[in-house]
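*Asks:* Chain by chain, the residues run as shown.
There are 2 protein chains.
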Amino acid sequence: MTMVKRDTYTPESLLAVAVEVFNERGYDGTSMEHLSRAAGISKSSIYHHVKGKEELLRRAISRALDGLFGILQEPGARDGRAIERLEHVTRRTAEVLMAELPYVTLLLRVRGNTDTERWAMERRREFDHQVADLLKRAAADGDLRTDVDARLATRLLFGMINSIVEWYRPGRGGAAGADEVAEAVVRTAFAGLRVPTN
Amino acid sequence: MTMVKRDTYTPESLLAVAVEVFNERGYDGTSMEHLSRAAGISKSSIYHHVKGKEELLRRAISRALDGLFGILQEPGARDGRAIERLEHVTRRTAEVLMAELPYVTLLLRVRGNTDTERWAMERRREFDHQVADLLKRAAADGDLRTDVDARLATRLLFGMINSIVEWYRPGRGGAAGADEVAEAVVRTAFAGLRVPTN
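Here the protein sequences line up with chains L and F, keeping their order. Just so you know, we're using the UniProt record's numbering here: the first sequence kicks off at 1 and counts up by one. Just so you know, we're using the UniProt record's numbering here: the second sequence kicks off at 1 and counts up by one.
Among the hints, erroneous ones may be present.
If several chains are the same, the list does not tell them apart, and a pair holds so long as it fits within one copy or across any two.
As the list claims (entries may be wrong) - In silico SDA-like cross-links for lysine to any residue, where the CA-CA straight-line distance does not exceed 25 angstroms:
1. Lys5 with Ala16
2. Lys136 with Arg169
3. Lys136 with Arg59
4. Lys136 with Arg187
5. Lys51 with Glu84
6. Lys136 with Glu166
7. Lys53 with Asp28
8. Lys53 with Asp66
9. Lys51 with Trp119
10. Lys53 with Glu24
11. Lys136 with Phe190
12. Lys136 with Ala176
13. Lys5 with Arg59
14. Lys51 with Ala77
15. Lys136 with Asn162
What the hints contain is simulated information worked out from the structure, not anything from laboratory work. Computed from a prediction, not measured in an experiment: that's the story for all the values here.
One chain only, chain L, in its complex shape (with noise of 0.2 angstroms):
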């Protein structure tokens, strides 16, 4: 027997356990029913809340999508020279992830069957394009190194940053803290994690 408890749930906490069971199960994977057992709410009380379960993965995956563009908009990602702009964004994209981890790994992890979905993957693209025009300026301003190709060099970029969703825990005792994570990501993509011999 399912225990069904009272429905305190706000949108924010129910779209969190919505967040965990898309993120573990899959999104196409995950019905209604997942949802209710995992909430310990009924199915109407769900409904009471949100017109179905798609309508759960966009305000997901728009949190994720407010936080990435959001730093698009930051003074570091729009003043001084490009080079420092795409570190900046570097800095925060890392920083994003990690305070948004469900959320962004939902947006990483979505592959387009509905509308919601292909959306999610567009905006996604959407914003790899900017950063990947950044990394175009800063290229043209003869900051970055010539003999890696830019269109390479922001998927390597992304490579590393996204791949903090596979290990990454908030709070685990010992592990390395988001400043430190994102501090590690700047460096070693842009300067490198060997000593320069000169």
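Using the hints, position chain F against chain L.
*Replies:* Frame of chain L; chain F shown alone:
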């Protein structure tokens, strides 16, 4: 009606079909029925080749692991300064990943529910540990920057390399070739994207 063709499969060509299905549907989500349909031969024909889907998984994972562990036996991985060996292993890991793309993709996606999956994850961790040891040795030699933690550096390095499976497709026109990608990984990870300021 499913078209059934004559069974002209070799162990290798049947494995290639199975790995494609595993990567598409996930290993858990793949049944012998799915494999039979994808291969266009009956289930009993498949059983003529292998005991079941777990044997196909084990063979596919072995192929990826043989490629990866083989790197550690190469002269470039065994002789010389740790930093040079680490760069060799990084380049070759990226190359093996691209040469054995579907097999390494499967290895990276496996999440242990069966003995074979747990074995795969353990062997993968063992490979990561051997690379992490090399990284620590290079740091002890004074060849790696000390302001990025060795464990974190290992994770970011593999994050960058492993992300290649998300977008690299061999022979895609106009895209970077495997040599260029492997070289870009080594340059980005060890020398960084930024032009040195001094």
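*Asks:* Would you pick out the hints that fail for this structure and give their numbers low to high?
*Replies:* 3, 5 and 14
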